[in-house]
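Fit the two chains together into the complex; they arrive one by one in their own frames, and the hints show the way.
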Amino acid sequence: MSKIFKFHNDVDTDQIIASQYLLLPSVEDMKGYTFESLDGEFARNVKAGDIIVAGENFGCGSSREQAPSVLKALGVKAVVAKSFARIFYRNAINIGLPVLVSRDFYDVAKAGDEAKLDLSEGTIEADGVTYTCTKLPPYMQNILNQGGLIASLNKGEV
Amino acid sequence: MGHTLIEKIVMKNTGDVSVSPGEIKTVKVDRVMIHDIFIPFVVDKFREMGFQKVWDQDKVVLIYDHLVPTSAVEDVRHFKIGDAFVKEQGLTHFHRADGICHQLMPEMGYAKPGNIVFGTDSHTTTYGCVGCFSSGIGYTEMAAVLGTGEMWIRVPETIKVVINGKLPEGVYAKDIILRLIGDLRADGATYKVLEFSGSTVDEMSVSSRMTISNMAIEAGAKAALFAPDEKTCAYSGVKMEDVDWLYADEDAEYCQVMEYKAEELVPVLACPSQVDNIHDVAELAGTKLDQVFIGSCTNGRLEDLAVAAKILKGKKVAPFVKLIVTPASRSIYQEAVKAGYIGILAEAGAIVTHPGCGLCCGRACGILTDGERVLATNNRNFLGRMGTSKVEIFLGSPATAAASAVAGVIAME
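Which chain is which? The protein sequence lines are A and B, in order.
Start counting the first sequence at 1; every next residue gets the next number (this note's numbering).
Start counting the second sequence at 1; every next residue gets the next number (this note's numbering).
Check before you lean on any hint, since a few could be wrong.
[Stated by the list, open to error] Listed below are the simulated DSS-like cross-link pairs for lysine-lysine, each with C-alpha atoms no more than 27 Å apart in a straight line:
1) B/Lys322 - B/Lys310
2) A/Lys155 - B/Lys28
3) B/Lys316 - B/Lys338
4) B/Lys25 - A/Lys135
5) A/Lys155 - B/Lys53
6) A/Lys155 - B/Lys25
7) B/Lys390 - A/Lys6
In case anyone wonders, no lab produced these hints; they're calculated from the structure.
Looking at chain B on its own, in the form it has when it is part of the complex (with noise of 0.2 Å):
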């Protein structure tokens, strides 16, 4: 019996000839990333179990992003304490303001092909992008991954996603996995591995992947995974020959496979509010907005920010319209200022601000209240997500983001 993705990637890391969707196992933890919520809480547990020294300092990832820059004082208690075990631990990987963790971890390479990651973060799926075992997990569990450099786990079952043909103009990576959230609902895929593959997943770029990887845990996903290819090992840094035992056999066994033709695809929103609740951009246009949000780590990468620059270029923002656009990492903004994309948006009215989880996790940058409306490019849509209860939040992609904060309205590219 041949072998999936993400049962491979724990034989390799266990030594095991053979595992099989159940077992209980325990890795090796290659690298674990945490961020500047949770560090308090993380940094508490780990002396309470404990523990002196963490397993391996240059494995340990801690990036502040959903504070950074701080809104309010008691902020300011989760950098000293974060930056107080770094000194203490002597912390080798450590970002204070260089963009959005899911980012960050594979764009600095702490993520690559075939690792076994965690973080705490449910959004930690990301790194499935380029065929990382990655998942989000508690602050106490973390700590004891810290202490330990081990973690149990139980290898999942994998729902196969196949995705083949050429996506229709105006639809993207965000509208593919909007879809299969909504046909898969939001627990749909529970303590399951989505795996990927397909031509249209063979054509896409790894930021891209990186969309639908970031998304798969609201359906409920553990892990999303695509196989590692040369557009992988570009990004990754690595040889292809070295992730070439990394590939899905053709007898794997899958509980459930998925099949889409991307022809027959169409832009989608997620509407308030609960991701799964998916409907046409057509059925939706002309709906009245308050907001526009580009950015996050689920759509603030180079080429969203580049579609969004096309479509607004020599336009403005409608009147009474906010356009909020957050870049994904220091380095993506630095791109965008160079390839001309920042100066397009700021001349089209946008508020461009520094890379950071800001809006998307309801701490800052835009805040909404009762009554309004926003459309966003991020990955949750939750009841109070962007403020009071009583804010309408639609998840869409960048295209369709840029294009409705020209017309005021919902509006498809």
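Pulled out of the complex, with its shape left as it was, chain A reads as follows (with noise of 0.2 Å):
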């Protein structure tokens, strides 16, 4: 079972990691300073496998892969939003952290629940009922599987 932790519509990439934090060597450095405007704790209170359920635009802004990179540094294991930001989406792909879009998870959706997700199936479940997310195309789908872009790009296989 994955902890929800439920984030408004349009969170930008500057709230997920600030731009301060860019400087420091690497993501495992940066990884305590997630979302730390909206959520001083949630570094702290995140474990493995948790999920983060978001509104419309979730990773809007800047390109930094370091928004999506400290969210799976930290063991998030999807994040599911009503909808994403390009390069955001686009990132979280090819660094191998699911991305899951589901337009009525969110309304239901209750910080601190527990909720079963099924990333091969697509689904999430919660106080017994099942939203099914939509589907990656096969292209995003096959780089994600791989683990991301450099385990494919290794593989041969984009």
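The structure is reproduced here in structure tokens:
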């Protein structure tokens, strides 16, 4: 089971990881500051396997790949949002962080509740109800299945 | 069925007779831009992928701008890694202190009409001002492009934006793009291209078009395109007959059409802390300010400094207000000196800084703290962008900024 951390619409990449931390030498050094301006306790409270649920346009703003990278480094299993900003979406798939689009789940998801996420089926279950997320185009699904762009390049499959 | 500008650029690149939105295509990349913040990460990933040499040493442009001049000792590490990569790879296009990446790419002719260019920065959409398909990508993807010279894209849908008529006094390109973002909202153009046309756009300088394409990402757009005309050709140093294939067909298909009458537009501001939170300047007049910033890749060009100088000539910046001016490139800085603008701004009390990203990316040159309020001409007013998360950032045109610097409160030209 995954604990739900819930965020609003238009969460931008500065809110996910602020500019001043991008100069730290590695994503490991940055991850403790994830969502600092929205929830100062997030990095301490999140556990491996937890999920982020958000509204529209998650990850808007800058091209910083550190935004999906800090989430992955903290063990976030997936982000389920109503919609994603383009660069964040592409970056997430390239680094192997699952990003799922569900128009319905946000409205019923409660912060702190548990949900059951099935990545291979693209479904999420909470309070006994199962929600089906939008499937990725096959090309992107293939990159994600390989574990990201580096893994798929090494296998010569992109 | 006809084609939009983006479809024609992709077709020219891939050799396809026709493409339509939704198709996945692999394109040959004409140029890439990497800036100082992300170069260490790009180099790491490039090595992790097992690449030895970049696909073409003349097609990679490395630009130092976010950290120029350095404001913390850690910044130097980025330059050392960048310098070493330039030497190792024999990169031929390299700028250590010449200006902001998005200004230099079109200004130096690295991004030309009909090209496909990617950069490690979201505001890479800027080069659409000369009819170049340009977009931001992450550092892992950039490393893959460096090794292969290719990139896969999904052919995007296009929103046609038509602006006709003459802009009223005091209304500028910045007011147009802010209005449009307010109407589209922050995700209204996600995955899509904004294609601009109409008599107002035809009359506009390349610099003004740059202000518009720079901010298209704030509505989520993948690119923002202007068909090249005589002005574009003069700016980019190309011949009209070489780019005459690049126009939108009359029967091209658009997912949405938005029309504006220039005469109806007014000066506006993006209010804290989202770029789509748009209000008329008139509504906010009198709001007290601590700082004003004129510059950035959005509005740090000669015409912007000219407007600011015109308004500030013979006047003084209000007491207790700091005015920071940052030209977008070294050549703009030099031209502004020659034209007398920098002298006028200095006389009025402005702090004129070297070209760079500085305040816009919250690194240096005017960081603010809790409870302070700034009116700025750059592209983003996100929470914590220019200091603490309790700083209020308003975004407006250079004219609104200059008039407000004199008044010490939000004011119209």
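Hints, one by one, checked against the model:
no.: 1; hint: B/Lys322 - B/Lys310; verdict: holds, 18 Å
no.: 2; hint: A/Lys155 - B/Lys28; verdict: holds, 21 Å
no.: 3; hint: B/Lys316 - B/Lys338; verdict: holds, 21 Å
no.: 4; hint: B/Lys25 - A/Lys135; verdict: holds, 19 Å
no.: 5; hint: A/Lys155 - B/Lys53; verdict: holds, 19 Å
no.: 6; hint: A/Lys155 - B/Lys25; verdict: holds, 20 Å
no.: 7; hint: B/Lys390 - A/Lys6; verdict: holds, 22 Å
Of the numbered hints stated above, none is contradicted by the structure.
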